[in-house]
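Trainee: Residues per chain are reported as follows:
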Amino acid sequence: MTRWLALPGVPPLLALLALLGLWHLAATFFGYNFFPTPGAVFKTLPALFGEAEAAANIAASVKRMLAGFALALAVAVPLGLMMGRSPLVAKLVKPLVATIYPVPKAALMPIIMLWLGIGDAAKIFVIFIGASLPLLQHSFGGALAVDQKLIWSAQAMGLGPVKRLFAVVLPSALPEVMIGCRVGIIMALIVMVSSEMIARQSGVGNLLFNSADMALYDTVYAMIVVIAAIGFVADVAFEFVRRRLTFWAEIHQDPLVPSA
Amino acid sequence: MIAIEGLSKTFETSGGEPHLALDGISIDIPKGQFLSILGPSGCGKSTLLYIVGGFVPASAGRIRVDGRAIAGPGPDRGPVFQEFALFPWKTVRGNVLYGLLQQGVPRDQAERRVSELLQMVHLSRYADFYPKELSGGMKQRVAIARTLAYDPAILLMDEPFGALDAHTRTKLQNELLSIWERDRKTVLFVTHSVEEAVYLSDRVMVMTPSPGRQKAVFDIDLPRPRIRAELLLNRRYQEYLIAIERLVQDGGEDEA
Ligand SMILES: Nc1ncnc2c1ncn2[C@@H]1O[C@H](COP(=O)(O)OP(=O)(O)O)[C@@H](O)[C@H]1O
Ligand SMILES: [Mg+2]
Chain A
112 MTRWLALPGV
122 PPLLALLALL
132 GLWHLAATFF
142 GYNFFPTPGA
152 VFKTLPALFG
162 EAEAAANIAA
172 SVKRMLAGFA
182 LALAVAVPLG
192 LMMGRSPLVA
202 KLVKPLVATI
212 YPVPKAALMP
222 IIMLWLGIGD
232 AAKIFVIFIG
242 ASLPLLQHSF
252 GGALAVDQKL
262 IWSAQAMGLG
272 PVKRLFAVVL
282 PSALPEVMIG
292 CRVGIIMALI
302 VMVSSEMIAR
312 QSGVGNLLFN
322 SADMALYDTV
332 YAMIVVIAAI
342 GFVADVAFEF
352 VRRRLTFWAE
362 IHQDPLVPSA
Chain B
4 MIAIEGLSKT
14 FETSGGEPHL
24 ALDGISIDIP
34 KGQFLSILGP
44 SGCGKSTLLY
54 IVGGFVPASA
64 GRIRVDGRAI
74 AGPGPDRGPV
84 FQEFALFPWK
94 TVRGNVLYGL
104 LQQGVPRDQA
114 ERRVSELLQM
124 VHLSRYADFY
134 PKELSGGMKQ
144 RVAIARTLAY
154 DPAILLMDEP
164 FGALDAHTRT
174 KLQNELLSIW
184 ERDRKTVLFV
194 THSVEEAVYL
204 SDRVMVMTPS
214 PGRQKAVFDI
224 DLPRPRIRAE
234 LLLNRRYQEY
244 LIAIERLVQD
254 GGEDEA
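Note that the protein sequences, when read in sequence, are chains A and B.
So the numbering used here is basically just the index in the first sequence, starting at one, shifted up by 111.
So the numbering used here is basically just the index in the second sequence, starting at one, shifted up by 3.
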């Protein structure tokens with residue numbers, strides 16, 4: 112009788128429905144105008160996407176998030192791998208990371224805006240910083256743990272250090288790098304929203320806070336749903352890529368967030 | 004020919020105490036010889052092999068291959084490790100192919116060579132498998148094929164069959180012997196099985212417990228090709244086993 116409960120997708124769906132139900136009950140019970148029911152929020156969603164301005168804001172956000180994340184991939188992963196293989200590089204980079212690590216990335220925005228203006232460059236840069244840290248951390252850890260005998264086998268085949276970094280260290284560390292990516296992409300989302308709250312110009316964060324200022328609460332909640340959806344889609348897409356890239360690995364860590 | 008002269012190795016331990024692992028190893032290994040290195044756990048057998056491979060620097064002494072001092076690893080010395088060390092993200096074929104492509108062998112030629120090698124180690128059917136899908140014996144066959152692929156003049160084998168069950172071990176010993184009899188590479192073969200050392204080798208070097216020194220070197224004068232069943236009744240084979248076993252036994256405590 113309860114077998115259908117165990118079907119994949121059923122438990123998360125139930126949890127989602129329960130959440131929406133609770134939300135609906137609470138919103139009806141309190142009746143505050145700044146606490147709309149889920150029905151009202153979801154009704155504004157199609158309108159939001161139909162609106163050229165809202166759609167442009169969402170597109171601008173996603174574009175910056177992806178640009179910042181891509182930049183972080185291109186810089187932090189090779190750097191982290193090098194740190195793992197060269198004690199000298201690790202010694203040089205670690206103090207820098209230790210300095211930046213505890214600083215909320217949004218707190219850097221005023222300075223970055225002075226340098227790069229309030230446009231895309233500043234936001235992409237701060238997203239890059241935010242996403243870089245987990246990528247650096249996990250690439251470093253992954254590279255440290257590479258089996259020395261794999262490196263030696265490659266050396267005997269005549270691979271030089273640069274080639275080894277990409278042909279041996281990177282694939283060896285890939286399962287770990289992928290964990291960094293998963294954290295990094297969500298960091299990119301968080302920093303993206305906070306950067307748009309600070310430098311309001313375009314984007315979902317900008318739309319969210321402008322709507323709040325104008326007491327358009329349905330839109331505020333709708334934007335939160337949109338941001339959550341961006342995060343969810345990014346995570347699922349990422350998990351899809353991860354499975355395809357690291358299927359050969361011996362150990363499969365089951366992620367906390369189950370995705371499709 | 005490999006010439007090892009006064010080779011010593013001292014490790015800096017994290018406790019700060021220097022640790023002497025190898026002490027004054029000197030031995031010449033003629034081209035094409037199968038030399039086994041025998042000794043208790045921790046006596047520096049792996050370290051010796053890693054130094055010859057160029058993976059680990061020596062603290063003193065020198066190693067020359069065909070008259071030239073070694074400078075780091077190179078495709079003239081191919082390692083085979085007890086832990087197989089296959090690239091887990093590559094298939095069996097991909098693993099064996101990789102070293103060949105690194106040497107600049109054209110792809111179609113390399114593919115052909117890989118097929119031959121996989122046939123030789125009886126793994127043609129597993130060409131598209133990933134390492135995690137293979138048994139230990141199969142993994143070690145792949146590792147041997149991967150090293151043979153780039154045709155090193157010297158094979159450095161560190162307890163290659165140590166992680167395998169007795170049956171697989173015997174089988175791989177025989178396969179290794181028939182491969183060796185075909186192309187007569189110089190082999191440095193680390194083991195702590197006396198029987199394995201005598202069965203395979205032209206010469207056996209016995210080492211003392213840590214710090215590793217040469218205790219004795221035996222020339223194994225037994226006919227080739229060697230057939231295990233026939234050797235068991237061979238008087239000289241038995242004498243080698245007994246003499247070497249005695250020498251290994253009175254070496255004091257095994258560190259493992
Ligand atoms: N990287 C290292 N740092 C410090 N000591 C080491 C290191 N590698 C090996 N040793 C020490 O050197 C000795 C010889 O080790 P090893 O060559 O692995 O022995 P074997 O292969 O004969 O078992 C051991 O006492 C071991 O603890
Ligand atoms: Mg060893």
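Keep in mind that the hints were calculated from the coordinates and are not lab data.
Values in this document were obtained by computation on a predicted structure and should not be read as measured data.
Among the clues, some could well be false.
Taking lysine-lysine pairs in the DSS-like style, the calculated list, with each CA pair at most 30 Å apart, reads [claimed, not checked]:
1) LYS218(B) / LYS188(B)
2) LYS260(A) / LYS93(B)
3) LYS202(A) / LYS260(A)
4) LYS174(A) / LYS154(A)
5) LYS260(A) / LYS135(B)
6) LYS218(B) / LYS260(A)
7) LYS274(A) / LYS174(B)
8) LYS188(B) / LYS34(B)
9) LYS260(A) / LYS274(A)
10) LYS174(B) / LYS188(B)
11) LYS202(A) / LYS274(A)
12) LYS93(B) / LYS274(A)
13) LYS188(B) / LYS260(A)
14) LYS274(A) / LYS135(B)
15) LYS218(B) / LYS93(B)
16) LYS274(A) / LYS205(A)
17) LYS174(B) / LYS135(B)
18) LYS34(B) / LYS260(A)
19) LYS260(A) / LYS174(B)
20) LYS218(B) / LYS135(B)
21) LYS34(B) / LYS174(B)
22) LYS34(B) / LYS135(B)
23) LYS205(A) / LYS260(A)
Trainee: With reference to the structure, classify each hint as holding or not holding.
Mentor: Hint check:
1. LYS218(B) / LYS188(B): Answer holds: LYS218(B) to LYS188(B) is near 25 Å, not above 30 Å.
2. LYS260(A) / LYS93(B): The given pair, whose Cα atoms are some 16 Å apart, holds under the 30 Å limit.
3. LYS202(A) / LYS260(A): holds (24 Å)
4. LYS174(A) / LYS154(A): This hinted pair holds, its Cα atoms lying about 26 Å apart.
5. LYS260(A) / LYS135(B): With a Cα-Cα distance of about 17 Å, the restraint between LYS260(A) and LYS135(B) holds, given a limit of 30 Å.
6. LYS218(B) / LYS260(A): Measuring from Cα to Cα gives roughly 29 Å; hence the hint holds.
7. LYS274(A) / LYS174(B): violated (36 Å)
8. LYS188(B) / LYS34(B): holds (7 Å)
9. LYS260(A) / LYS274(A): With a Cα-Cα distance of about 16 Å, the restraint between LYS260(A) and LYS274(A) holds, given a limit of 30 Å.
10. LYS174(B) / LYS188(B): Holds, at roughly 20 Å.
11. LYS202(A) / LYS274(A): holds (22 Å)
12. LYS93(B) / LYS274(A): With Cα atoms ~16 Å apart, LYS93(B) and LYS274(A) stay inside 30 Å; holds.
13. LYS188(B) / LYS260(A): holds (22 Å)
14. LYS274(A) / LYS135(B): Holds, at roughly 24 Å.
15. LYS218(B) / LYS93(B): violated (42 Å)
16. LYS274(A) / LYS205(A): With a Cα-Cα distance of about 24 Å, the restraint between LYS274(A) and LYS205(A) holds, given a limit of 30 Å.
17. LYS174(B) / LYS135(B): holds (21 Å)
18. LYS34(B) / LYS260(A): holds (26 Å)
19. LYS260(A) / LYS174(B): Between LYS260(A) and LYS174(B) the Cα gap is close to 25 Å, so the pair holds against 30 Å.
20. LYS218(B) / LYS135(B): violated (40 Å)
21. LYS34(B) / LYS174(B): Given pair LYS34(B), LYS174(B) holds - Cα atoms ~26 Å apart, limit 30 Å.
22. LYS34(B) / LYS135(B): Status violated; Cα separation ~36 Å.
23. LYS205(A) / LYS260(A): holds (26 Å)
Comparing the model with each earlier hint shows violations of hints 7, 15, 20 and 22; every other hint is respected.
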